[in-house]
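For the sequence shown, the residue numbers in full-length UniProt numbering are 1 to 557.
Calculated directly from the structure, the hints in this document are not laboratory data. Treat each hint with caution, since some may be false.
[Unchecked claim] SDA-like mimics (lysine to any residue), calculated; alpha carbons at most 25 Å apart, straight line:
(1) 481 to 441
(2) 335 to 378
(3) 335 to 129
(4) 267 to 305
(5) 335 to 467
(6) 455 to 444
(7) 275 to 149
(8) 87 to 467
[What the hints assert, rightly or not] Here are the simulated distance ranges between beta carbons:
(9) 54 to 439: 15 to 23 Å
(10) 117 to 30: 53 to 61 Å
(11) 511 to 374: 26 to 34 Å
(12) 33 to 524: 47 to 55 Å
(13) 158 to 481: 48 to 56 Å
(14) 297 to 524: 14 to 22 Å
(15) 472 to 103: 26 to 34 Å
(16) 472 to 336: 47 to 55 Å
(17) 242 to 297: 32 to 40 Å
Quick caveat: nothing in here was measured; it's all calculated off a predicted structure. Even for Gly, the Cβ is constructed at its ideal location relative to N, Cα and C.
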Amino acid sequence: MIHISHNQNIKKILIENSISHHIDIVELHKELNNENKKMLFEITFIDIQSIPSLVIKELFKLKDRLTITTTQRNLWSYLSKFGLKNKCIDSFTNIKHKNTKEPIKAIAIGGSAGSLEKAMSIIESLPYVDISVFVVIHILPNEKSYLSNILQSITKYKVCEATSNMHVEKNTIYIAPPNNNLLVVDGFIYLDDKEKLNFARPSIDITFKSLVYEYTNSLLAILLCGYGKDGSSSLKELHENNSKIIIEDPKECEAKDMLLNAIQTKKYTKILQLKHINNYLNSLLSASVDIDDEIEHFLENIFIIYGYDFRYYDRKSLARRIELIMSNYSITNFKEFESLVLDDNNVFTKLLQAFSINVTTFFRNPEVFKQIRKYILPNIEDLSSIRVWCAGCSRGDEPYSIAIMLDEAGLLDKSQIYATDFNGTILNEAKNALFTKSELNEFAQNYIESNGKKKFENWFNIKDEYIEIKEHIREKVLFFKHNLVSDSSINEFHIIFCRNVLIYFDDKLQKTVFDTIYQSLYKNGYLVLGESEVIPKEHNYTALTNKKNKLFKKEVE
Numbered sequence: 001m002i003h004i005s006h007n008q009n010i011k012k013i014l015i016e017n018s019i020s021h022h023i024d025i026v027e028l029h030k031e032l033n034n035e036n037k038k039m040l041f042e043i044t045f046i047d048i049q050s051i052p053s054l055v056i057k058e059l060f061k062l063k064d065r066l067t068i069t070t071t072q073r074n075l076w077s078y079l080s081k082f083g084l085k086n087k088c089i090d091s092f093t094n095i096k097h098k099n100t101k102e103p104i105k106a107i108a109i110g111g112s113a114g115s116l117e118k119a120m121s122i123i124e125s126l127p128y129v130d131i132s133v134f135v136v137i138h139i140l141p142n143e144k145s146y147l148s149n150i151l152q153s154i155t156k157y158k159v160c161e162a163t164s165n166m167h168v169e170k171n172t173i174y175i176a177p178p179n180n181n182l183l184v185v186d187g188f189i190y191l192d193d194k195e196k197l198n199f200a201r202p203s204i205d206i207t208f209k210s211l212v213y214e215y216t217n218s219l220l221a222i223l224l225c226g227y228g229k230d231g232s233s234s235l236k237e238l239h240e241n242n243s244k245i246i247i248e249d250p251k252e253c254e255a256k257d258m259l260l261n262a263i264q265t266k267k268y269t270k271i272l273q274l275k276h277i278n279n280y281l282n283s284l285l286s287a288s289v290d291i292d293d294e295i296e297h298f299l300e301n302i303f304i305i306y307g308y309d310f311r312y313y314d315r316k317s318l319a320r321r322i323e324l325i326m327s328n329y330s331i332t333n334f335k336e337f338e339s340l341v342l343d344d345n346n347v348f349t350k351l352l353q354a355f356s357i358n359v360t361t362f363f364r365n366p367e368v369f370k371q372i373r374k375y376i377l378p379n380i381e382d383l384s385s386i387r388v389w390c391a392g393c394s395r396g397d398e399p400y401s402i403a404i405m406l407d408e409a410g411l412l413d414k415s416q417i418y419a420t421d422f423n424g425t426i427l428n429e430a431k432n433a434l435f436t437k438s439e440l441n442e443f444a445q446n447y448i449e450s451n452g453k454k455k456f457e458n459w460f461n462i463k464d465e466y467i468e469i470k471e472h473i474r475e476k477v478l479f480f481k482h483n484l485v486s487d488s489s490i491n492e493f494h495i496i497f498c499r500n501v502l503i504y505f506d507d508k509l510q511k512t513v514f515d516t517i518y519q520s521l522y523k524n525g526y527l528v529l530g531e532s533e534v535i536p537k538e539h540n541y542t543a544l545t546n547k548k549n550k551l552f553k554k555e556v557e
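Make the full structure from the sequences, and use the hints.
Following this line, the structure appears as structure tokens:
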């Protein structure tokens with residue numbers, strides 16, 4: 001979203017959340033390409049990790065009359081390396097301030113048809129900590145409730161059916177009685193039998209609304225399955241007071257109207273299946289532990305909530321990166337850090353950047369490319385088309401190097417290079433195809449050592465502020481998101497590059513990835529690995545070079 005304002009000779013542009021849509025890019029390009037040479041620009045990028053090359057080129061044109069503010073360190077670093085000065089107001093600090101709440105003091109559970117057993121499951125697995133729990137389940141008005149007796153048999157918490165003027169205590173679960181609304185005011189429970197709200201009494205909405213003003217950001221509300229709309233109208237107040245709001249996934253409910261209505265408000269923290277609600281509560285409420293003790297549970301929750309699977313990555317490597325980002329932001333308690341990551345997409349994005357290893361350069365390890373020129377290129381030159389997969393491509397140095405090598409050999413016109421990574425931000429930078437002029441000498445030296453014979457600068461447009469990959473190279477490299485951990489084969493390839501990626505995986509995950517690679521290679525296709533990576537014995541490859549330069553040919557009988 002783009003907001004633009006004018007103040008005399010100053011144009012202020014604020015861009016929030018995304019700048020990936022074509023319309024946004026064109027609009028911003030138009031605003032920056034201003035004919036008034038006296039116009040000053042103040043541009044603020046909020047929660048934006050990367051920006052397209054078209055916009056960056058306009059920023060270069062304006063840099064002498066431009067002030068840039070960013071809230072993401074990744075964008076700050078990217079712009080800074082090109083000499084585009086910008087001030088970073090790190091959103092992590094703001095996020096941490098915004099999300100650093102008092103520990104959860106109260107949990108409210110609301111539900112209707114089909115929710116009784118689910119509420120019992122939550123209570124049974126709830127860690128025993130200093131909180132108060134309020135349960136509002138729709139019960140027929142003339143029926144006696146046995147819920148308090150049932151819950152008492154499965155929990156250490158004291159369980160009681162609420163009565164008026166009852167003082168709220170910690171380590172206690174309060175059940176709303178049939179035909180009465182439960183309210184909490186100044187630490188005391190009050191019951192009323194006023195008119196039904198959304199055809200319900202006890203009303204989930206009434207209880208939630210009273211609790212949010214009692215506990216504000218120390219409240220966690222859970223809405224389980226049921227018919228009708230009860231619970232939805234209170235979510236706005238909960239959201240405004242930074243209460244956590246968990247909605248059960250409607251897919252696992254027969255009675256789902258109540259959940260669907262709540263989701264339509266867009267005022268919630270998470271939508272989770274029941275088993276994941278229990279895991280989340282365990283993570284949120286358990287006592288503080290160190291990284292080594294809790295990392296398994298943490299990675300499981302990341303997979304559940306965000307869909308990224310780091311469960312089979314090397315633990316020491318992940319722990320180092322977690323400790324680094326905690327240190328950068330002065331967080332000493334892992335439980336606090338875990339809560340921030342699981343609750344806020346922006347914090348998770350920062351962790352994702354830390355987990356993504358982006359050590360790369362053009363023609364890295366030149367001897368490997370020298371051997372490719374000798375052992376692989378002569379054997380594929382007669383193919384009618386050539387497909388190459390570069391897995392874990394980072395910012396694009398390797399796939400662009402491959403394209404340059406193929407171009408020099410006269411093979412690029414019939415080639416297509418698929419470059420993949422799980423990190424969407426780094427892929428956007430790769431698509432920009434922009435690099436700093438200070439890197440050119442290193443790139444050129446590696447190219448020469450790889451037995452390159454032409455002038456390396458031939459493949460770049462050389463500008464004052466940056467160097468840019470030429471279009472005929474760029475158009476042959478297709479960048480897209482792919483996760484080696486969870487995604488399957490994407491095509492059949494004549495060559496696969498997977499260098500210095502597998503070393504971050506444990507043995508089980510390495511085997512899975514090697515299976516995917518084997519399935520993705522043509523008969524007699526070629527595999528290029530990093531120096532420390534070893535092919536499992538069950539896969540039939542022939543080594544083409546020595547143990548240092550890992551080039552292999554797939555052998556199929």
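Out of the numbered hints, which ones does the structure contradict?
Structure breaks hints 1, 2, 5, 14, 15 and 17.
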